[in-house]
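Participant: Okay, here's what each chain looks like letter by letter:
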Amino acid sequence: MLNAALFYFFAALAVVSAIAMVTRRNIVHAAVFLITALLATAGIFLQLQAQFLFVVQIILYVGGIMVLFIFVIMLVNLDVSLHLVQFNRQRFVAGVLAVILGVQVLGAFWVGRGSLKLGAARAMEPKNTEAVGQALFQQYMLPFEIASILLLVAMIGAVVMAKRRV
Amino acid sequence: MLPIENYLLLSLLLFTIGVIGVLTRRNVIVMLMSIELILNAVNINLVAFSRYWGSVDGQIFAIFVITDAAAEAAVGLGIILAFFRNRETVLADEMDMLRW
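Chains as they are written, first to last, in the numbering used here: chain A, 2 to 167; chain B, 676 to 775.
These aren't lab readings, by the way, just hints derived from the structure by calculation.
Just to be clear, a hint being listed does not mean it is correct.
[To be verified] Capping the alpha-carbon separation at 25 angstroms, the derived lysine to any residue pairs in SDA-like fashion look like this:
#, chain 1, residue 1, chain 2, residue 2
1, A, Lys164, B, Leu766
2, A, Lys118, B, Ser730
3, A, Lys128, B, Leu766
4, A, Lys128, A, Ile20
5, A, Lys128, A, Leu61
6, A, Lys128, B, Leu684
7, A, Lys128, A, Phe8
8, A, Lys118, A, Val104
9, A, Lys128, A, Met2
10, A, Lys128, A, Val68
11, A, Lys118, B, Leu766
12, A, Lys118, B, Val697
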C-alpha cells in the first residue's frame, strides 16, 4: 500500500516536472525542473530496492551533471533569448510525430502484454551495493574498463572543445 | 508489489516528453536536458526489469547509461560553449554553418 503510494507520488512528480521542463521559457527554471524530475526518478529507484543507483543518481546526475548544466547556462544565458520564441517552426509536426512514436510503443506493449506477465517480483539480494559491486567487477569487468576509457575520451574532448584557441 | 506495466508506462511518458523537448525547442541547452530525460526514462525501464527478475544486471546497465550521459553532457556542453564563443547564440535554428 505504502509502496504504491510512493510510486504514484514519485511518478506524478517526475511527469509534472518533465512537462514543466519542456515548456518553461526560462532555461534556469527548466534546469531546476529537470533536477526535480531526476530526484523523483531517484525515489523510484529506491522504491525498486536499487539503493546504490539511488545514491549514484543523486550524486552524479543532480550533483554533477546538473551543476555542469547550470554552470554553462550562467556562462551562456542571454537576457535577449528570454523574449524570443522558444519553439522552432517545426513544432507542430514534431509534436504530432513524437506523440505518434509514443502511441506506437504503447501499441507494442499492448501486442506483447502476454509475454510481460513476469508474475510476482523475485526477491532481491539484501545487500544491493555488494551485489552491484560483485557483478560489476566480475561479470562486467570489460565493459567497466571500456566505460573508463570512454570517460577519458570525453574528458579530453570537453577540454579541447572548451579551450579558447585550439 | 506493483505490476511492471506501471513502470513501463511511466518510462514511456517521460521518454515521449523528452522526444517532444528535443524536437520542438530552439534552445540547444534545453535539447541536451531533454536527452538527459530520455536516458533517465530508459534507466527506469532497466531498473524495473532488474527488480522483477531479482538480479542486479539491469542496474549495471543503468550505471553504464549514466556514465554515457555524463560523457555526453560534458562533450555537448563543451561544444555549446565553443559555438557560443564564435556565434553568440544557443538557438538550434541559427546553427547553419555547415548548410549552404
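Participant: Hint by hint, note whether the structure agrees.
Facilitator: So, going through the hints one by one against the coordinates:
The straight-line distance between the Cα atoms of Lys164 of chain A and Leu766 of chain B is roughly 21 angstroms, inside the 25 angstroms bound, and the hint therefore holds. Pair hint Lys118 of chain A plus Ser730 of chain B holds up; C-alpha atoms about 17 angstroms apart against a cutoff of 25 angstroms. Restraint check: the Cα-Cα separation between Lys128 of chain A and Leu766 of chain B comes to about 47 angstroms, which exceeds 25 angstroms; the hinted pair is violated. With a C-alpha separation of about 35 angstroms, the suggested pair Lys128 of chain A and Ile20 of chain A falls outside the 25 angstroms cut-off, and the hint is violated.
Our distance criterion of 25 angstroms between C-alpha atoms is met by Lys128 of chain A and Leu61 of chain A, whose separation comes to about 21 angstroms. For the given pair, Lys128 of chain A sits about 28 angstroms from Leu684 of chain B by alpha-carbon distance, which is inconsistent with the 25 angstroms threshold. This hinted pair checks out: Lys128 of chain A and Phe8 of chain A have alpha carbons roughly 22 angstroms apart, not beyond 25 angstroms. For the hint pairing Lys118 of chain A with Val104 of chain A, the CA-to-CA distance comes to about 21 angstroms; that is within 25 angstroms, so the pair holds.
Between the alpha carbons of Lys128 of chain A and Met2 of chain A the distance comes to roughly 24 angstroms, so the proposed pair stays at or under 25 angstroms and holds. With a C-alpha separation of about 30 angstroms, the suggested pairing of Lys128 of chain A with Val68 of chain A is violated against the 25 angstroms cut-off. The straight-line distance between the Cα atoms of Lys118 of chain A and Leu766 of chain B is roughly 45 angstroms, outside the 25 angstroms bound, and the hint therefore fails. Taken as a hint, the Lys118 of chain A and Val697 of chain B pair is broken in the structure, with Cα atoms around 33 angstroms apart against an allowance of 25 angstroms.
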